[in-house]
Amino acid sequence: MKKKSLTPYFFVGPHLILFIVFILLPTLYGIYASFTQWNLINDPVWVGLANYKTILFDAESTFYTQFMNGLKNTLIFVVLSVPILIVIPLMIAVSLEHKKVKMKNVIQSILYIPGLISISAAALIWSLIFNKQLGITNNVFGSETVWAANQPYAWLIIIVITVWGGVGGNMIIYRASISGVSKDLYESAEMDGAGPVRRFSSITLPSIRFPLIYTFVMTTAGAFNVFGQPLMMTDGGPRQSTTVLMMYIRQLAFGHGESIAGMASAMAVLLGLVILVISALQYYVMNRNAS
Amino acid sequence: MKKKMGVSLILALLAVAVLGGCGNGDKNTITFWTPLTGDDGAYMDQLVKDYNATNPEYKVKHVITSDMYTKISTVLNSGKGVPDLSIIHADRVPSFVKQGVLEPMTAVMQAQPELKEDNYLPQAWATGNVEGTQYTVPLDIHSNAMYYNKNLLKKYNAESFLDDDVVTIDEMLSLQGKLDDGDYVVNDALLGWVVLAQIQNLGGDIQQDGKPAVNTEAMKQAFTEIKKVADAGLMTPFGEDGYLMFQAGNVLFSTDGTWSSTAHAAVDGLDFGVTNIYSTSADTYTNRASSHLFSMLKNEKRTDEKEQAIGQFLEFIRQHSIEWAKAGQIVASKQVIESPDYNNYIQSFFTSNEKEIESLYIYTYEYYPYVAEAVDTYAADIVRGNVDIDETLATMQKFVEDKIAEGNSAAK
Chain A
1 MKKKSLTPYF
11 FVGPHLILFI
21 VFILLPTLYG
31 IYASFTQWNL
41 INDPVWVGLA
51 NYKTILFDAE
61 STFYTQFMNG
71 LKNTLIFVVL
81 SVPILIVIPL
91 MIAVSLEHKK
101 VKMKNVIQSI
111 LYIPGLISIS
121 AAALIWSLIF
131 NKQLGITNNV
141 FGSETVWAAN
151 QPYAWLIIIV
161 ITVWGGVGGN
171 MIIYRASISG
181 VSKDLYESAE
191 MDGAGPVRRF
201 SSITLPSIRF
211 PLIYTFVMTT
221 AGAFNVFGQP
231 LMMTDGGPRQ
241 STTVLMMYIR
251 QLAFGHGESI
261 AGMASAMAVL
271 LGLVILVISA
281 LQYYVMNRNA
291 S
Chain B
1 MKKKMGVSLI
11 LALLAVAVLG
21 GCGNGDKNTI
31 TFWTPLTGDD
41 GAYMDQLVKD
51 YNATNPEYKV
61 KHVITSDMYT
71 KISTVLNSGK
81 GVPDLSIIHA
91 DRVPSFVKQG
101 VLEPMTAVMQ
111 AQPELKEDNY
121 LPQAWATGNV
131 EGTQYTVPLD
141 IHSNAMYYNK
151 NLLKKYNAES
161 FLDDDVVTID
171 EMLSLQGKLD
181 DGDYVVNDAL
191 LGWVVLAQIQ
201 NLGGDIQQDG
211 KPAVNTEAMK
221 QAFTEIKKVA
231 DAGLMTPFGE
241 DGYLMFQAGN
251 VLFSTDGTWS
261 STAHAAVDGL
271 DFGVTNIYST
281 SADTYTNRAS
291 SHLFSMLKNE
301 KRTDEKEQAI
311 GQFLEFIRQH
321 SIEWAKAGQI
331 VASKQVIESP
341 DYNNYIQSFF
351 TSNEKEIESL
361 YIYTYEYYPY
371 VAEAVDTYAA
381 DIVRGNVDID
391 ETLATMQKFV
401 EDKIAEGNSA
411 AK
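Taken in order, these protein sequences are the chains called A and B.
For the first sequence, position 192 matches number 192 in the numbering used here, and the numbering has no gaps at all.
For the second sequence, position 301 matches number 301 in the numbering used here, and the numbering has no gaps at all.
The shape of chain A in the complex, shown without the other chains:
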């Protein structure tokens, strides 16, 4: 009997060990580091809440400016990208359900593949597509501006590459959950005279409530951690208007010269808190509305 009760731990064990070693301990150490001044080489020096005070309240400080600007730009990215990353995949998933659409799996694959390409490779291709000399912006649209170096185009290209790479993942989830909705519901609704819009809002949406909440929360959390797209496409420019918080955090910890890892950790912890609070709020609000 005793042996039997050990079995579950063997199944959970590997994940638990990996989680502790690669997630839990680094997170705890990161939180500890945020209360210190640390250059990654010497021992961390405990400074209490000093880093947080500087970041949040010392308006004169470079770190305050960086954090506020980084958070603002990250929020802009979240607000611009998340709705698109929910609505477009949902629309595609619903339209793929239509009887007359052929080669559903091929279309699904084509849309999903960009998500498998590494962000740096994709960004290189896209920066050529948006290159003023070689790309479409000048030659097709006749635009005279360099998109990566001028707003609002800089945000536009970051969003385009994000959507291009991110549509597939959510679409697969929506397709899977829509296919789980009973066909009887649609048929009876049709007999009762419900149009496509009504069927979508009264049957599809409520039926895929949980996948919707899940993708909404996960996409938002992912968007807060944005890093590769602005780094590769605009390098944070113009005038640091697309420098997101993760870029500042990385620069501080692993940039030029001596590392400022304590301050970077404090910014990372604050970003983590923002994500936590917003995710919890989203979950709470959506779940309440749904029930």
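Worth flagging that the hints you see were computed from the coordinates, not collected in a lab.
Keep in mind that a hint or two might mislead.
Derived DSS-like pairs (lysine-lysine); straight-line CA-CA distance at most 30 Å [to be verified]:
id	chain 1	residue 1	chain 2	residue 2
1	B	Lys98	A	Lys53
2	B	Lys355	B	Lys220
3	A	Lys53	B	Lys211
Got chain A; can you put chain B on it based on the hints?
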């Protein structure tokens, strides 16, 4: 079932043991880390291969390490897997020495008497010397360099610019209004380095009594002078890839690095030469440079015999680093740069006479990396007139001071 689980458990433990064993190098191997992730890594591979072919007692294992400085801090913290030898950049030396993580080269130099100041380019050697102790042996100097398109110079009758080896901003401005549509005088590649060169040309510096000096008259003047070129419409447009435009044959001068010569040479139909970075004055010129330096990170496990062996390897490099010239770098060993073969390489221009050698300027200020970061972050916007220069210089000064303040208190 139970048996199977036992087997997989053992396998898992084995895997952990094997992976854990990584990094414990062979006793007779010199583990050699470099950050050479580009094409230059292959040339270093070749040098190491050539050295190992001489059948030394201690063979060298070259490990190209991306994110090397992050990994260095990790291994220094844990004390495990510290490489025997590594290549670091000149600007890392002051902070590494301050943090006490570099082993002096004293023993190595005693074993190999030719590893001495006289045998290397002076600034490359000096950059590894902190308060009389030599911490590094140089491999090269890699510098900001200005390439010119020979055909375009001829077309615009600008060949005379090169006569005295210094292209001045005034000379460049003289081309205003004379260029065809789509042609430009200069690009903005490595603009931050160009700014740092002008500071030297103007007699300024980035520090005063150990304190960072970013918001200075010299800095302002450096930006104002370069801005004139941009304002006159002679600089490649903001945000466009000026480096590619030079390779496409639309730009007279490209201010990139010595290492780019190999890439330029690979472009069909691009007939180019190299000269000094343009200057604010006809009397002086500066090419802001850095250096790849061999160094030993502190490691108690490194035996005296191994240090001797490292000396042998460095002596081999001193004699044979002509291979390194292929990567476009200015080799630091005088024996190599004085050899006739070296003249086949375009970068030999920078060691062709004393004045040229002097023009290669390596900043050794302790907080240079922060200053450079500030300059790189804001240079383009200042030069393009996107921001107010006085306000931005103040921001840059604060940027550097805040970063230094963080590091200083941590060192206490």
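* Asked: So which hints don't hold here, by number, going up?
  -> none
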